[in-house]
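Student: Sequence:
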Amino acid sequence: MSYKVCFLIANRIYISDGLRSALGLAVENMYSYSYIFYQKMPAKSEYMEENLAWIRDMEGEVYAVTETMDEETKKFNLEDWELVEATLDDVVEKILECDLVVGYGLPAQKVQAPPQCA
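In the working numbering, the protein residues as written are 1 to 118.
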């Protein structure tokens with residue numbers, strides 16, 4: 001039996017790592033679905049394009065949750081990266097189908113760390 005795994009990624013610095021993890025599970029014969037919230041995808045690179053293509057080849061998908069994005073981010077993710085558009089209702093439906101749900105990465109920080117932590 002192949003598991004279905006859903007990755008929820010809300011912080012931009014974790015997008016590439018989250019997609020690489022989704023690809024790793026797809027290679028292990030699991031269905032991997034990733035949802036990008038709020039953020040623009042990183043700048044295009046051959047490496048990221050290959051990861052996205054491999055996820056799709058293995059019957060997974062990467063979605064942009066457009067209800068959480070501004071117009072510029074939505075356009076970049078849908079047109080430049082060709083992500084599939086998803087609503088929050090779509091996310092809920094997929095979560096209910098999946099065996100595992102991974103909230104990937106830390107949430108975006110709203111307060112900067114003090115200089116002593118640098």
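Treat the hints as calculated values from the structure; they're not laboratory data. Fair warning: there could be bad hints in the mix.
As the list claims (entries may be wrong) - Derived DMTMM-like pairs: lysine to aspartate or glutamate, alpha-carbon spacing no greater than 20 angstroms straight-line: (1) Lys44 with Glu71; (2) Lys40 with Glu85; (3) Lys4 with Glu71; (4) Lys74 with Asp89; (5) Lys4 with Glu59; (6) Lys40 with Glu59; (7) Lys75 with Glu59; (8) Lys44 with Asp89; (9) Lys110 with Glu85; (10) Lys74 with Glu61; (11) Lys44 with Glu82; (12) Lys4 with Glu28; (13) Lys74 with Glu49.
To be verified - If you anchor each label on the Cβ, the simulated ranges turn out as follows: (14) Met1 with Lys110: 37 to 47 angstroms; (15) Glu97 with Arg12: 38 to 48 angstroms; (16) Gly24 with Glu71: 30 to 40 angstroms.
Predicted model, so just to flag it, every value in this text is computed and none were measured. Built from N, CA and C at the ideal position, the CB exists for glycine as well.
Student: None of the hints should be skipped; say for each whether it holds.
Tutor: Do the hints match the structure? See the list:
1. Lys44 with Glu71: holds (19 angstroms)
2. Lys40 with Glu85: holds (13 angstroms)
3. Lys4 with Glu71: Violated, at about 30 angstroms.
4. Lys74 with Asp89: holds (17 angstroms)
5. Lys4 with Glu59: holds (11 angstroms)
6. Lys40 with Glu59: Status violated; Cα separation ~23 angstroms.
7. Lys75 with Glu59: Distance ~24 angstroms between lysine 75 and glutamate 59 Cα, so the pair is violated.
8. Lys44 with Asp89: Cα-Cα ~28 angstroms, so violated.
9. Lys110 with Glu85: This hinted pair is violated, its Cα atoms lying about 27 angstroms apart.
10. Lys74 with Glu61: holds (17 angstroms)
11. Lys44 with Glu82: Holds, at roughly 11 angstroms.
12. Lys4 with Glu28: holds (11 angstroms)
13. Lys74 with Glu49: holds (18 angstroms)
14. Met1 with Lys110: 37 to 47 angstroms: holds (41 angstroms)
15. Glu97 with Arg12: 38 to 48 angstroms: Because 26 angstroms falls outside the window, the suggested range is violated.
16. Gly24 with Glu71: 30 to 40 angstroms: holds (33 angstroms)
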